[in-house]
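*Asks:* Here the protein sequences line up with chains A and B, keeping their order. The first sequence lines up with residues 3 to 226 when you count with my numbering. The second sequence lines up with residues 732 to 979 when you count with my numbering.
No lab work stands behind these hints, which were simulated from the structure alone. For clarity, every value in this text was computed on a predicted model and none was experimentally measured. The beta-carbon is built from N, C-alpha and C at its ideal position, and this holds for glycine as well. Heads up, some of the hints might be wrong.
Said to hold, decoys possible - Part of the chain A face toward chain B, derived, beta carbon under 10 Å:
1) I10
2) E82
3) N85
4) Y93
5) K95
6) N96
7) L122
8) H123
9) S161
10) R164
11) Q188
12) S189
13) K198
14) T202
As the list claims (entries may be wrong) - Which stretches of chain B does chain A cover? Using the computed rule of at least three CB atoms under 8 Å from a CB of chain A, they are:
15) 796-806
16) 828-840
17) 851-864
18) 873-887
19) 927-941
20) 963-976
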Amino acid sequence: MGLLKSSIGRKFAMAISALFLMVFLLQHFAINLTSIFPNEGKTFNALSHFMGTNPIVQYAIQPILLIGVIFHFVMGFVLEAKNWSARKISYAKNNGGANSTWMSRNMIWSGLAILAFMVLHFIDFWFPEMNTKFIQGDWSGLHNGELRYFEELQHKFLSPARVVAYVVAFVFLALHLLHGFNSAFQSVGANNKYTKGLKTFSKIYAIGIPVGFIIIALFHHFNH
Amino acid sequence: MNLTLKIWRQKNASDKGKMVDYKISDISEHMSFLEMMDVLNEQIINLGDEPVAFDHDCREGICGMCSMYINGEAHGPDRGVTTCQLHMRSFKDGDTITIEPFRAAAFPVIKDLVVDRSSFERIQQSGGYISVNTSGNTQDANAIPISKEAADKAMDAATCIGCGACVATCKNSSAMLFVGAKVSQYALLPQGQVEATDRVLNMVAQMDAEGFGNCTNTGACEVECPKGISLENIARMNTEFLKASLKG
């Protein structure tokens, strides 16, 4: 734990948790994408049921993911507070746009927007799911004799307000990832001949994944 | 050209300080920024007031002494230059120029635009050296084979003049570009290997103890660095630090 007391150790931990969350996001996106397949949610239901009932996912991966999410947010706030205290008097005039991107200077704000979204997302899906399985003890995944996941998803995206909230949140996620993806690699010491290619890939990921989530939300809103 | 200068004035380290406006006229576009400051100070002295204190020494971009945050950027709007290499041709007649000291908790203001950068010296003292026997039997450094690529990268890192623009520019007041350069210049060379583990651990520990912020990879330091020190050096320091931490 001594490593986490150093500035570089904390950077490294932030980067590792970020890389882990980015892998999770890709997996989440891949499963959600199946919800727009033209088979009335059969693939989505099957995958969701597997993820929702598999003991390795539920008892091993899910707690790690939860810890990863909490760690990333808490460490982000801790580092931000430390960084603010490193300059007690602000500049009267600061031209940050001359040397860095808006995204890189505002990770805390895009992060807070994502946190707000996650509270909504947890209320929408995760808390009810935990209630059904761990409190009510219903692991069948069934509602009226059919797998319920696809119908629950469609139902949530009926509300225009919720769709707007999701779209705005995914825009902030894209802004966060546009800086965060490359930044994570730099933090773990990867700045080499592959960096240029990685930057291109990071842009594809940072824009492609959130746009994909937006398309899925809009698809269900307008196709129900 | 005629200019309005908004300059941070602070009598001493404990004074609260404030921005003060000055008008200055007949400034040649061929003057360096520091020469313009000299003209301003003559004007202030002739009025019987205290001249603006600012750091300077070689005035040819190599000593790292001059500082100043000019119009929201360390060393002003030009790239790859120190304040002493900045010329008035970079400004227009009628401009208002805001001049502030480098701001960081680890760079406290001593007076006006002069800040205390001795935190950099303490970081250097904690590990920015190699131990060489200089009793007369010192091995010729050129006798040790070093690849061209490593030598070039080490030299690039060693061009850091320790001016502190990276800290001043960074939104987190992080010193990681400076420390990354100092760690890299030795990490890339065989002479630096003997003390490599202690060096990076001690320099990073000292950097943290001085109260510098954490790097968030905005890249602003690299852009504003008068010597073009690359972010690659921070990545290298991170790797060196992790290797050293695991080694203990």
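*Asks:* Work down the list of hints and note, for each, if the structure agrees.
*Replies:* To see whether the hints hold, each was checked on the structure:
Here the hint on I10(A) is kept, as its CB sits about 5 Å from the closest CB of chain B, short of 10 Å. Interface hint at E82(A): satisfied, since its Cβ lies 9 Å from the closest Cβ of chain B, which is below the 10 Å cut-off. Checking N85(A) against chain B: minimum C-beta separation of about 4 Å stays under 10 Å; hint holds. Because the closest C-beta pair between Y93(A) and chain B is about 6 Å apart, less than 10 Å, the hint holds.
For K95(A), the interface hint holds, since its Cβ comes within 10 Å of a Cβ in chain B; the closest pair sits about 4 Å apart. Because the smallest distance between the Cβ of N96(A) and any Cβ of chain B comes to about 5 Å, under 10 Å, the interface hint for this residue holds. Nearest Cβ of chain B to the Cβ of L122(A): about 26 Å, over the 10 Å cut. The hint is violated. For H123(A), the interface hint is violated, the least distance from its beta-carbon to any beta-carbon of chain B being 25 Å, above 10 Å.
Using the Cβ-Cβ criterion of 10 Å, the hint placing S161(A) at the interface with chain B is not satisfied: the shortest such distance is roughly 36 Å. The beta carbon of R164(A) is not positioned within 10 Å of any beta carbon in chain B (closest approach about 32 Å), and the interface hint is therefore violated. Nearest Cβ of chain B to the Cβ of Q188(A): about 5 Å, under the 10 Å cut. The hint holds. About 6 Å separates the beta-carbon of S189(A) from the nearest beta-carbon of chain B, less than 10 Å, and the hint is met.
Interface hint status for K198(A): violated, as the beta-carbon distance to the closest one in chain B is roughly 12 Å, over 10 Å. At about 17 Å, the closest approach between the beta carbon of T202(A) and any beta carbon in chain B exceeds 10 Å, and the interface hint on this residue is violated. Beta-carbon proximity to chain A at under 8 Å applies to 4 residues in the stretch 796-806 of chain B; the threshold of 3 is reached and the given coverage holds. With 6 residues having a beta carbon nearer than 8 Å to a beta carbon of chain A, the stretch 828-840 of chain B meets the requirement of three or more and the stated coverage holds.
Remark: the stretch 851-864 of chain B is not confirmed as covered by chain A, as 0 of its residues place a Cβ nearer than 8 Å to a Cβ of that chain, below the required three. Given a C-beta distance limit of less than 8 Å, the hint that chain A covers the stretch 873-887 of chain B is violated, as 0 residues qualify and 3 are needed. A stretch counts as covered by a chain when three or more of its residues have a beta carbon under 8 Å from one of that chain; for the stretch 927-941 of chain B and chain A the count is 4, and the coverage holds. Requiring three or more residues with a Cβ within less than 8 Å of a Cβ of chain A, the coverage given for the stretch 963-976 of chain B holds, as 10 such residues are present.
Hints 7, 8, 9, 10, 13, 14, 17, 18 from the earlier list are contradicted by this structure; the remaining hints agree with it.
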